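Novice: If you read the sequences in order, they're chains A and B.
The first sequence maps to residues 20 to 322 in our numbering.
The second sequence maps to residues 17 to 155 in our numbering.
For the record, the hints were derived by calculation from the structure and aren't laboratory data.
Among these hints, one or two may not hold up.
[To be verified] Subject to a maximum C-alpha distance of 25 Å in a straight line, what follows is the list of computed SDA-like cross-link-like pairs (lysine to any residue):
id, chain 1, residue 1, chain 2, residue 2
1, A, K278, A, G312
2, B, K123, A, Q301
3, B, K58, A, D137
4, B, K123, A, Q267
5, A, K104, A, T24
6, A, K146, A, S123
7, B, K58, A, H184
8, B, K123, A, P182
9, A, K287, B, Q38
10, A, K278, B, A129
11, B, K58, A, R268
12, A, K149, A, G194
13, A, K287, B, A129
14, B, K123, A, T246
15, A, K278, A, E304
16, B, K123, B, T104
17, B, K58, A, G198
18, A, K278, A, A48
19, B, K58, A, S123
20, B, K123, A, L257
21, B, K58, A, G194
Just so you know, these numbers come straight off a predicted model, no measurement behind them.
Chain by chain, the residues run as shown.
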Amino acid sequence: MTESTPAISIDRLTKRYGQTLAVAGLSLAIPQGSIFGLLGTNGAGKTTTFKCMLGLARPTSGSTSFEGSPLTPPLFERLSYVPEKCALYEWMTGAQLLEMQRRSFRRYDEKRANDLMDLFALDRKKKLGKYSKGQQTAMALVLAFSIHPEILVLDEPAAGLDPVHQRHVLDLMIGESAGGATVVFSSHQIGQVERAAERVAIMHRGTLRLAGEVEQLKSDLKVVEATFDDEAPSLNGLSTEPSVGQIQRAGRLVRIYVKGNGDEIARKIGDMRPRSVRILDQNLEDIFLTTVGSPSPAAVSER
Amino acid sequence: MPSVFTVDPHSGVPMYLQLIEQVKRSVALGVLAPGEQLPTVKQLALDLTINANTVARVYRELERDGVIETSPGRGSFVRDNGGVGRATRAADDVAASAIDNAVREAKSIGIDAAQTAALFKRALARWYPEPNDVKDGRS
């Protein structure tokens with residue numbers, strides 16, 4: 020499943036809108052057949068990245084290649100993109116839009132499209148303008164998955180959908196990737212990325228802050244938490260350790276963010292006569308919040 | 017049909033570790049019998065709504081550990097030879113590590129050895145109410 024040539028590779032992509040640097044020197048490699056989650060706060064540059072990747076916005080510098088080659092029109096035969104804001108023809112009915120899709124794509128699979136319409140409980144006879152926001156998103160997803168795409172780029176694909184339909188979207192992504200397709204998606208719902216994505220990239224203010232395999236990041240990033248009988252001792256000695264990231268202190272409590280399993284740092288803290296020491300796992304939300312630099316309120320007040 | 021396994025994707029413990037532990041536990045308990053077929057990678061991924069490569073990794077590691085065997089085109093099965101023994105030992109390891117964590121936790125919050133032993137005695141009395149249970153340990 021892991022070919023040497025990534026399905027998508029983004030090379031030092033930069034996009035400037037006037038004074039605003041929306042994306043700054045982003046490089047990413049997305050392996051064939053994987054699901055890749057892009058996380059970031061609002062304005063992190065996720066949508067701009069997608070637009071530049073697909074030639075919908077002209078990058079200020081940098082490039083994107085698909086299977087080692089630049090984007091060319093034939094690729095759109097086997098690529099599906101669902102933008103964050105889907106603009107569907109409001110005067111068309113669901114059935115008419117499907118018919119248009121059928122005529123536009125040789126890969127269109129009518130049975131698949133009909134199954135998906137049923138899955139999302141979409142009314143074929145209703146005008147798209149009368150669809151709710153969530154139904155419009157679902158309709159865009161039906162179109163996207165109806166052509167058995169080899170590459171899927173989904174910008175907030177589950178926004179506005181109810182939890183059951185959100186789960187369907189994840190299952191669709193998982194099913195396509197198990198069949199060899201490459202999926203890139205952005206989401207604000209970290210839980211979705213945690214479930215579906217093999218790899219994740221965290222963007223913040225246009226730059227890449229962290230990228231890796233979700234499971235590996237969880238294994239590699241831990242928090243050593245210690246409490247002391249009195250004020251926590253100075254930990255200056257630890258801050259120079261290569262494995263140590265942020266150190267938060269709040270009175271008798273310290274939390275040390277470490278790379279690796281945390282055993283060694285826990286042992287060193289153990290020598291400082293703490294009252295308690297423990298190693299805490301971090302889920303993707305913890306990792307995300309640490310990465311985009313949002314320390315806990317307690318730690319802020321202690322600074 | 018609901019899957020026999022569950023994972024907590026929101027845990028800090030990687031899902032593949034959670035799943036490996038659960039499969040071993042199911043084999044040790046006989047929920048999965050020797051020779052029984054496991055769902056395909058894709059099927060289990062969809063049952064649990066988790067990444068398929070994560071499931072593929074679980075199967076690879078279970079095969080390496082001798083708990084299951086995979087034959088191309090046929091699928092993955094609980095091993096007839098020794099799969100249960102290996103899974104039982106793995107389940108013992110899980111119990112041992114849970115007890116280890118409990119003791120470490122007790123120590124880390126300043127409970128001394130005698131007090132910790134008393135806590136254990138209380139837990140044993142609760143879960144092994146018959147005196148013989150305690151004496152014999154695992155049969």
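Novice: Tell me the hint numbers this structure goes against, listed in increasing order.
Specialist: 5, 8, 9, 10, 11, 12, 16 and 19
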